[in-house]
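**Q** So you can see what is in the structure, the chains are spelled out below.
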Amino acid sequence: MTTTHPRTSELQRAQTRMGYLFVLPSTLLYLTFVLAPVLVTVVLAFSHFDPLLGSRWVGFENFTRFFTDRRSLQIFWNTLRFALFAVTFNVSVGLVLAVALNRAMPGWLLYFFRLSFFLPVIIATAFVAVVWSYFYGDDLGVINYFLRLVGLPNVRWLTDSKNAMTSIIIMDVWKNTGFFMVIFIAALQGVPANILEAAEMDGTPPWRRFLRITLPWISPVVFFCIVYASIGALQVFESIVILTQGGPGDATRSLSILIVEEGFGSYEIGYAAAISVVMTVIILIITAIQQLASRRLVQQ
Amino acid sequence: MLTISRRNLMLSTAAIAAGTALGLRGALAQSDEAGTLQLAAFGGDAEATAIGHAIERFNTKYPNIKVELSMDPISSGWGDYVTKVLGQFNAGAPADVYGTAIESFQALASRDIFIPLDDLAKSEEFADIAPSLMEQGSYKGKSTYIPIGWNNIMINYNRDLFDKAGVAYPKDGKWTWDEFREVAKKLTIKDASGTVTQYGYEVPNQNFFIQPWFFSNGTGVLNADWTGSNMLDPKVAESLQFLHDIIHVDGSSPIPASGPDLGNQFFAGQIAMISRGHWIVQNAKTNGMNMDVAIPPSKETNSTVIGFGGYAVSKTAAKPEIAKALVAELTSAATQIEEAIGGGGLPSRQSASTNPDIMAFPPSAALYYETLADTKAVPSPANFQEVEKIVMRYYTSMMADEVSIADGVKQAHDELEASFARLKAAG
Amino acid sequence: MSMMQTNTAKRWVDWAIIAVMALLAIGMLLPFLWLIATSFRSVSEAYKLPPSFFPNNLDFVNYAKVLASRVPFLQIYYNSLLVALVVTIGQLVTCTLAAFAFARLNFRGRDWLFIAFLVGLMFPAQVTILPIYLGYAKLGLLNQPIGLALMYLTSSFGVFLMRQFMLSQPKALEEAALMDGAGYFKIFWRISLPQLRPALSALGIITFTQTWNYYFQAKVLLGKNEAMTLPIAMDVLRGYMAAGNLSVVMAAMSMAVLPVILLFLIAQKFVIEGITMSGIKN
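Chains as they are written, first to last, in our numbering: chain A, 1 to 300; chain B, 1001 to 1427; chain C, 2001 to 2282.
Bound conformation, chain A alone (with noise of 0.2 Å):
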C-alpha cells in the first residue's frame, strides 16, 4: 500500500467523506444531549449553584470537601468492590449461559431459557426492590426460609454489614447478566460454524475449541461487555439504593448514590458536580487499563 497510487488517496478522500457523513448524525445528537451537559456540569462543579439564593464560584472548595470527607473513602472502596464483583460474575455468568443456550435443542426451550435469564432485564427496579426485600428479610424472609428447611443457619442478608454487599451483588447478577447473555448470543452467531466444525471432525475437544476458535473471535466483544460493565458497576446506583439505600451505615453507600443524594438530597449540585467529575476519571483511568490490556488479547 503506497500513498502515492492515485487510486489509493482517492479511496482515502472517499473514506474520509464517508466517514464524516456516517458519524454526523450520532455526533450531533452526542455533542447536544451528552457533551455540553457534560461540560455545563463541569463548569458547575467549580460553584455553588443556587440561583435563587444566590450563586458564587468556589474555586476547589467542592473538590476539597470531598477529599477530606472521612467517609469519601469508604465509599470510594465500596464502589470499587462492588465494580469488582459484579463486572465478574454479570459477564462470566452472561457467557457460560449464551454458549449454553447456543447449541441445538428444542426451539421452545431454546425461548423459554432466554426469555427467564432476560426477564429480570425487564422488570422495573422498584418491582425488584418489592420482591427481593421479601427474599431478603431476616425471619421473615424467603431465601431464609429454605436455608432452614435444608437445615442451615439464617443469614442476615441486608442488615449486617458484612454481608450486605454481596447480597446487593447476588441481586445485581441475578438482574443484568442476562442482558450480557443476550448480547453473546448474538456475538456467537458470528462464528462461522465451518470452522468449529473442521475442528471438531479434528477431535478437538470442546473447551479448547472454544479457546482457540470461538472466544478469540467473539474477543471484541468480550472486551465491549468488560468495559462496558464495568462503567455501569462504577456507577452503581439503582441496584443498592432499592435494598440498602447505601446502608446500614454506609456499609453499601456508592459514588453515585452519594452524588444523587448531595444534588438532588441535599440541593448541592455543585458538590454533587464535582464529585461526578471525580468518578468519571476514575473510571476514565479504569477504562485506559483495559484498553491497554486489551491490546495484547483482543484480535481486531
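If you are wondering where the hints come from, they were derived from the structure by calculation, not from laboratory data.
A portion of the hints provided could be inaccurate.
Here are the simulated lysine-lysine pairs, DSS-like style, with alpha carbons at most 30 Å apart [claimed, not checked]: (1) B/Lys-1315 to B/Lys-1299; (2) B/Lys-1171 to B/Lys-1319; (3) C/Lys-2138 to B/Lys-1324; (4) C/Lys-2138 to B/Lys-1122; (5) B/Lys-1190 to C/Lys-2048; (6) B/Lys-1315 to C/Lys-2048; (7) C/Lys-2065 to B/Lys-1285; (8) B/Lys-1122 to B/Lys-1061; (9) B/Lys-1186 to C/Lys-2138; (10) C/Lys-2186 to B/Lys-1285; (11) A/Lys-162 to C/Lys-2048; (12) B/Lys-1185 to C/Lys-2224; (13) B/Lys-1235 to B/Lys-1410; (14) B/Lys-1190 to B/Lys-1174; (15) B/Lys-1066 to C/Lys-2048; (16) A/Lys-162 to B/Lys-1410; (17) B/Lys-1142 to B/Lys-1171; (18) B/Lys-1084 to C/Lys-2138; (19) B/Lys-1376 to B/Lys-1084; (20) B/Lys-1319 to C/Lys-2048; (21) A/Lys-162 to B/Lys-1376; (22) B/Lys-1084 to C/Lys-2048; (23) B/Lys-1315 to B/Lys-1122; (24) B/Lys-1324 to C/Lys-2048; (25) C/Lys-2224 to B/Lys-1061; (26) B/Lys-1319 to C/Lys-2224; (27) B/Lys-1324 to B/Lys-1171; (28) B/Lys-1299 to B/Lys-1186; (29) A/Lys-162 to B/Lys-1185; (30) B/Lys-1164 to C/Lys-2048; (31) C/Lys-2065 to C/Lys-2048; (32) B/Lys-1185 to B/Lys-1171; (33) B/Lys-1315 to C/Lys-2224; (34) B/Lys-1066 to C/Lys-2224; (35) B/Lys-1061 to B/Lys-1324.
Got chain A sorted already, so can you dock chains B and C onto it with the hints?
**A** Same frame as chain A, but now just chains B and C:
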C-alpha cells in the same frame, strides 16, 4: 388546637351544609376568565382522584381555565421534590400552584418563590382549618401554605393477633413504654428452632415514624427551633437504647433495614404492631384486616409527631386570584374527605374531621383527633434532607449493632452541626 | 463403535445442560412469578411463609382497578410505546452508521471522536439531566414524551456495541465489493448490515427495554399526568410513601412487561432460527 366534642360535631355538620350552599352559589356565577393553570401536587392515585374531582368543581366556576395536573408520589424523598420545584423556577418554567408537605416548607419558602396567602388564611372560608396547622403553614409570619391532609404517627395493631395471644387492647389507646414492651414480647411467636414467625412490633426504619419515640421521652434529635443538633441529650440515647433492646434483648422486632419497610408483613399478619399514619387505613380495609390504632406509648409525655401537606401559590402565577380560587377548591372539605377515605391523610378542616366514613374505621379513629393537641411537627429545617440522611444513617447502624449508641449519637451530632454550619454559610 | 459412543456421550451432555439450565431458569423466574402471582391476590396472601409463587385463582379485579384508576393508563401506555419505538429505531440507524465509520473507515480524528463517545458513557446521567432540563424548558420540550425520545436517539453504548460487532466480522467480503467498485453506503447496507442481524436484534431489544424502563429522566422531564411514561405511572399507583395497594401495582407491572416480552421473543426469532437450522443440517 383542634378538639372534638359531640356539640362540635353538630356544629360542623351545619358548616358543611352551609359550605355546600356557598359552592352552589359560586357555580351559578361563572367566570369568563380564560387560560391555563399549572398544578403540581403530590400523592398517589387516591390524591389524584380527589384532586381530579376538585378541578372539575373548579371548572364549573371557571369553565375556560384549563388546569394541567402533575402528580409526584415523593417516592424518593422530599429532597428530590424540592430539587424538582427549584429546578422549575431556575428554568423559568414553574407551576402556578404547588402542593407540598412540611418537610419542604422551609427549604422552598426560604427561596422566596411563593406569595403570602394571608387574605385567604384570614377569610371566613378558611376559619374552619385547624389553627395549629395554619400557624405551621406560615413562614416568617406570613401564611404561605394552606394546610390539607395531615398524618400523625400512631401504633397500628392487629386485633386478631392480640386476641389469639390473650393480650388486652391498650385501654383508651394509652400505654407506657414498659407496658408496650411487655405487649410486644407477648405478641412475638417463635417456632421450635427459635425462628420468629410473628413479631410483636416493627421498630421503624423511617425518620417520620421514629419521631414519637423521642417526643414521648420529652426530647428530639434537633433542638426546639430546629437550628441545631440535640443528639447529645441523654434522653435521645435512652430512646435509642429502648428500641435497640426491643430488637436485641427481647427479639420482638426485626432489625430495621434501610431499604423498603415491612408494612406489607403487617397486613400479612406476620407483625402485630407498626408505627404508621392514617394513610394505611385504606389498605387495611382492602386486606380485610381487624386493625385498630393506639397512641404511641408515653414515657414523659403522650406527644406524637405530625406531618401535613399544604398548597402554595407561585409568585410567578399570571393570575394569582384564580390560582387562589383553585387552592380554595383543593383545600375544600369535599376534596379533603375524598382524599382521606381514598387512602390519604386526615382533613385539616375541623368540619370534615367528623365525617362518619372517616370515623367508622379503625374503631378508635377518634384518637387521631384526640392526640392532635399533643403533636409536634416533624423537625423540618431548610436542610431537612441532610438532617434526615444523617440521622437515619446512624440510626440504622445503631439498630443493627454496628456502632454503639454512645458513639453513634456523638458522630451524628458532629455531622449535624457541620450541616447546620453550611446552611448558615449559604443563607 | 467409537462414533456411537461419542454420540451417546454427546446426548448425555445435552441432557445435563438442559437439566442445569432448567434449574437455573426456575431460580431466575421465582421472583418474577411471585410478582405476577401477587397481581391476582391480596398482599396479606402474598407474604405468607412458606412462600407461594402461584395465585390460588385468576382474579382480574386488580387489572380492572388499574384501568379504572385516575392515572390515564392507556394514554401512558401509548406514550411509552411511542418513546421506546422512536428511540429503538433511531438508535438502530444512528448507531450502526457511526459504528461502521469507526470500525471500517479511516478518517482524521476518528479515534479521538470515539474516545469522546466513551467519555459520555462515564458521566453519571443523573447529573447531566439538569442542563438538559434547563434547555428543554426554553425550547418548550418539557412534558412532551417525544422530548424524552429525542435525547436518546443515539447512544455511546449502541455505537460502541455495534463497532465491536463489526470488528469481529471478517472484512473479506467488503473488500471484494470495494474492488468491484461498490460505494461505502452500498457496502454498509448490502454486506455489513445483513451479517449483523443478530447484533441488530440484540441492540434493538436492549434499547427498547432500557427506554421502556427509563425512570429518573422521565420523572424529571415528564411531570404532567398525560405525558408520563409507565414507570412514573406505576410510581404514582404505588402511592404516597409507597402505601398504595401493591396488588394493583403488580397488575400494572404485568401489563407493562407484556410488550417487552413479545418483542424479545420476536427479536430472538432471528437468532434462534439460525441455530435450529444449523442443528437440522447436522
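**Q** Does A/Lys-162 pair with B/Lys-1376 here, judged by a C-alpha cut-off of 30 Å?
**A** violated, 37 Å
**Q** Between B/Lys-1066 and C/Lys-2224, does the CA-CA distance stay at or below 30 Å?
**A** holds, 13 Å
**Q** Take a quick look at whether B/Lys-1164 and C/Lys-2048 sit within 30 Å of each other, Cα to Cα.
**A** holds, 18 Å
**Q** Given the hinted pair B/Lys-1315 and C/Lys-2048, is their alpha-carbon gap at most 30 Å?
**A** violated, 51 Å
**Q** Are B/Lys-1235 and B/Lys-1410 close enough, with their CA atoms no more than 30 Å apart?
**A** Satisfied, since the Cα-Cα distance of roughly 13 Å is no more than 30 Å.
**Q** Are the Cα positions of C/Lys-2224 and B/Lys-1061 separated by 30 Å at most?
**A** Roughly 23 Å separates the two Cα atoms, so the pair holds.
**Q** Quickly compare the C-alpha distance for C/Lys-2138 and B/Lys-1324 to 30 Å and report which way the hint goes.
**A** It holds: about 27 Å lies between the C-alpha atoms, which stays within 30 Å.
**Q** C/Lys-2065 and B/Lys-1285: Cα distance at most 30 Å?
**A** Holds: C/Lys-2065 and B/Lys-1285 sit about 16 Å apart, inside 30 Å.
**Q** Hint check: A/Lys-162 vs C/Lys-2048, CA-CA at most 30 Å. Holds or violated?
**A** holds, 28 Å
**Q** Take the C-alpha atoms of C/Lys-2186 and B/Lys-1285, compute the straight-line distance between them, and say whether it is at most 30 Å.
**A** violated, 66 Å
**Q** What's the verdict on B/Lys-1185 and C/Lys-2224, does the C-alpha distance respect the 30 Å limit or exceed it?
**A** This hinted pair is violated, its Cα atoms lying about 48 Å apart.
**Q** Between B/Lys-1171 and B/Lys-1319, does the CA-CA distance stay at or below 30 Å?
**A** violated, 53 Å
Of the numbered hints given earlier, the model fails hints 1, 2, 4, 6, 9, 10, 12, 15, 17, 20, 21, 22, 24 and 27; all others are met.
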